[in-house]
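Sequential numbering of the sequence shown, starting at 1, is according to full-length UniProt numbering.
Rather than coming from a laboratory, the hints here were simulated on the basis of the structure.
Remember, it's a predicted structure, so these values are computed and weren't measured experimentally.
In this text, a Cβ means the ideal position worked out from N, Cα and C, and glycines have one as well.
Fair warning: there could be bad hints in the mix.
To be verified - Straight line, CA to CA, 30 Å or less: simulated DSS-like cross-link-like pairs of lysine-lysine:
#: 1; residue 1: Lys98; residue 2: Lys16
#: 2; residue 1: Lys132; residue 2: Lys142
#: 3; residue 1: Lys144; residue 2: Lys556
#: 4; residue 1: Lys178; residue 2: Lys422
#: 5; residue 1: Lys414; residue 2: Lys575
#: 6; residue 1: Lys414; residue 2: Lys582
Claimed, not checked - Just the calculated beta-carbon pair ranges, DEER-fashion:
#: 7; residue 1: His628; residue 2: Asn295; range: 33 to 43 Å
#: 8; residue 1: Glu428; residue 2: Gln218; range: 55 to 65 Å
#: 9; residue 1: Glu126; residue 2: Asn433; range: 26 to 36 Å
#: 10; residue 1: Gln179; residue 2: Gly395; range: 27 to 37 Å
#: 11; residue 1: Gln593; residue 2: Tyr410; range: 22 to 32 Å
#: 12; residue 1: Gln221; residue 2: Glu403; range: 35 to 45 Å
#: 13; residue 1: Ser195; residue 2: Trp621; range: 23 to 33 Å
#: 14; residue 1: Arg294; residue 2: Gln221; range: 35 to 45 Å
#: 15; residue 1: Lys156; residue 2: Tyr410; range: 49 to 59 Å
#: 16; residue 1: Leu374; residue 2: Pro72; range: 23 to 33 Å
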Amino acid sequence: MGVPAFFRWLSLKYPKVLCDVIELVGPYDQQQGDFVSIDPTEPNPNGREFDNLYLDMNGIIHPCTHPENRPPPTTEEEMFEEIFRYIDRLVYMIRPRKLVYLAVDGVAPRAKINQQRSRRFRAAKEAEEKQKELLRVRDEWKKKGLRVPEYDPNRKPFDSNVITPGTPFMTNLSVALKQFIADRVAHDPAYNKISVIYSDSSVPGEGEHKIAEFIRTQRAQEGYDPNTSHVLYGLDADLIMLALATHELNFYVLRERVFPSPQQSEQKRQPQEAQDSKIQDSSDIQNAAAIGARNSFQLLSIDILRECLEAEFMEPLEIGFEMESSSRHQRLEFDLERVIDDFVFLCFFVGNDFLPHLPSLDIREGAIDYLIELYKKLVPRFGYLSDDKGEIHFGRVRLFLNELATTEDYIFQKRKLEEEKKQKQQAERATENKQSEVQNDRTKLSRTREDYENRKAEDDANLKETRDSLNFAVAESLKKRLKTQDSSEQASSNKQMDVANMEQSTSEQIVLNDVDVEEEEEEEEEELSQVEYMLELSDQQVKEQFEKELKERLYKKRVVDSVEDVVRLGEQGWKERYYEKKFHWSPQSETSQRKREELAYKYFEGLLWVMRYYYRGCVSWTWYFPYHYAPFASDLAACPFEADR
1 MGVPAFFRWL
11 SLKYPKVLCD
21 VIELVGPYDQ
31 QQGDFVSIDP
41 TEPNPNGREF
51 DNLYLDMNGI
61 IHPCTHPENR
71 PPPTTEEEMF
81 EEIFRYIDRL
91 VYMIRPRKLV
101 YLAVDGVAPR
111 AKINQQRSRR
121 FRAAKEAEEK
131 QKELLRVRDE
141 WKKKGLRVPE
151 YDPNRKPFDS
161 NVITPGTPFM
171 TNLSVALKQF
181 IADRVAHDPA
191 YNKISVIYSD
201 SSVPGEGEHK
211 IAEFIRTQRA
221 QEGYDPNTSH
231 VLYGLDADLI
241 MLALATHELN
251 FYVLRERVFP
261 SPQQSEQKRQ
271 PQEAQDSKIQ
281 DSSDIQNAAA
291 IGARNSFQLL
301 SIDILRECLE
311 AEFMEPLEIG
321 FEMESSSRHQ
331 RLEFDLERVI
341 DDFVFLCFFV
351 GNDFLPHLPS
361 LDIREGAIDY
371 LIELYKKLVP
381 RFGYLSDDKG
391 EIHFGRVRLF
401 LNELATTEDY
411 IFQKRKLEEE
421 KKQKQQAERA
431 TENKQSEVQN
441 DRTKLSRTRE
451 DYENRKAEDD
461 ANLKETRDSL
471 NFAVAESLKK
481 RLKTQDSSEQ
491 ASSNKQMDVA
501 NMEQSTSEQI
511 VLNDVDVEEE
521 EEEEEEELSQ
531 VEYMLELSDQ
541 QVKEQFEKEL
551 KERLYKKRVV
561 DSVEDVVRLG
571 EQGWKERYYE
581 KKFHWSPQSE
591 TSQRKREELA
601 YKYFEGLLWV
611 MRYYYRGCVS
621 WTWYFPYHYA
631 PFASDLAACP
641 FEADR
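Generate coordinates for the entire structure from the input sequences, incorporating the hints supplied.
This is the structure:
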């Protein structure tokens, strides 16, 4: 999972670290459902050559087995084919010249297992809710007379929880991947001149940390080439932290594009231009459409990120070191490697897979930027947070946290004001939307009344004209017959007049009744038009419409309109309420203070564990943080934690 929102912050803060990957492909083969392979031994079109490609396989397995933007594979064999196709695409894209390393997640440390378990329970619950809602939507559509997609009640949807070490699915996948690798090494020019290493789910450890351990081991070998270039594929943001922790210069993180760029938008608007620039030896427009359906990729350059961090910290730190030199026996010097280690450590405070973020720090509120500015201010005074071996000076960390603690109350008050402002804006928008709906209803009603009055006036005019004509004709007839007809004939004429008047009254009543009938007919026509629209759609379009409505309903069910804020951070007594509501520790309890100290100690212990996990590997498979929430910076600053204890 990585650090939430970290990649977005990084791409906005230092946009030059990202570059689009140029991917050359051959013509699209309709029968194979894929692009014809190109020669992978040719120079890399991205203008640089790469030595090693590392694949965090769980970032491939999940999207291939249950994709979000297309129909999922129906069998294990189809899933495995999708995985193989994806691996081939990455290898042909990067064209590694020495090594491909495939790492599947094995059994994770307990600190990660707790998070995985909660995520998988949630996934199972959401799958159950989706199934119930699916049946509900199908019943509603059938009652309306709408077409529904084909549905097999005996076919169960794919359970992503089987992507777990020890399951039959992972065993079968491991066998299939070994066969795939053997076939590619024997017959594919992209593989047969390089080494391929496969670490399956039977080897303990997370995939990305297996890769990091492999790189650390290679760096320690005699004769290791420091100019070796590495490309690490994965979707987790913490891969960036791992890459920084290796201190390798030629390191890149490969990932699918998350945010559309102007080039991508232009490419979608002009498929022919995309085709001309991306496709070799083909001008078929279908190739361009096929390329447009594929996700594009980006490379994040760790080397450029290091340069950005150097530009960010070097000048203010050197100025600070110069100002503080008079009070020190030895002037501190700028050390980029220690700054990088400190930066990685500071990012742990905003959250990771093993520890919750501090209550006062949220990336979306600019927490990392605030920590950076605090670091520039305090490091010249206190010194670096880490040594040259990646170990942390927790005494200096406490001084850093003590400075952060002085702003906690201000941060919470500011957050409270922002939340109130946001709620006010949402309420105003809701009121505007409601008023707009009422106005639309009034306009519709006004138009209906206006149409009715126009029709009534028109009908009245027609009736008057008909009545006048009838009266004139009867009068003329009477004038001619008055002298010759007897009283019985005159009575007969009067009877005709009564009939004419009765017809007029009946016609007016019909007009009034027609208004109600027409309104009912409009509603029926609206329903019929929806039915007719669905009848005109293809089976695939019906399925897409159904999935869209199902997705919207599930989203609405999971969105909570309002939640009572029982902690009320930013108001008087927020710290006591936080521990009382989140931890159920009474402020009046004699043990409350001792429990807070224990919480802070465990959090420091977690920071030490995570730092060593990133820099050395797993130092304890059984350790985990035993709380759901983090302490405040002020409580951490008061905790006498030292690493050697």
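Hints, verified against the model:
1. The suggested pairing of Lys98 with Lys16 holds, with an alpha-carbon distance near 28 Å, which does not exceed 30 Å.
2. Restraint check: the Cα-Cα separation between Lys132 and Lys142 comes to about 16 Å, which is no more than 30 Å; the hinted pair holds.
3. Restraint check for Lys144 and Lys556: the C-alpha separation of about 22 Å stays at or below 30 Å, so the hint holds.
4. As the CA atoms of Lys178 and Lys422 are separated by approximately 53 Å, the hinted pair breaks the 30 Å bound.
5. For the hint pairing Lys414 with Lys575, the CA-to-CA distance comes to about 16 Å; that is within 30 Å, so the pair holds.
6. For the given pair, Lys414 sits about 21 Å from Lys582 by alpha-carbon distance, which is consistent with the 30 Å threshold.
7. Checking the proposed 33 to 43 Å range against His628 and Asn295 shows it holds: the Cβ atoms sit about 35 Å from each other.
8. Between Glu428 and Gln218 the beta carbon distance is about 59 Å. The supplied range of 55 to 65 Å therefore holds.
9. In this structure the hint that Glu126 and Asn433 lie 26 to 36 Å apart at CB holds, the actual value being about 29 Å.
10. Taking 27 to 37 Å as the suggested C-beta distance range, the pair Gln179 and Gly395 does not conform, at roughly 55 Å.
11. One distance hint, 22 to 32 Å for the beta-carbon pair Gln593 and Tyr410, holds here, with the actual separation near 24 Å.
12. Distance hint check: the CB atoms of Gln221 and Glu403 are about 42 Å apart, consistent with the given range 35 to 45 Å.
13. Between Ser195 and Trp621, the C-beta spacing of about 29 Å keeps the proposed range 23 to 33 Å intact.
14. Restraint check, Arg294 to Gln221: a C-beta distance of roughly 38 Å satisfies the suggested window 35 to 45 Å.
15. At roughly 53 Å, the beta-carbon separation of Lys156 and Tyr410 lies within the given 49 to 59 Å, and the hint holds.
16. Separated by about 46 Å at the C-beta atoms, Leu374 and Pro72 break the suggested range of 23 to 33 Å.
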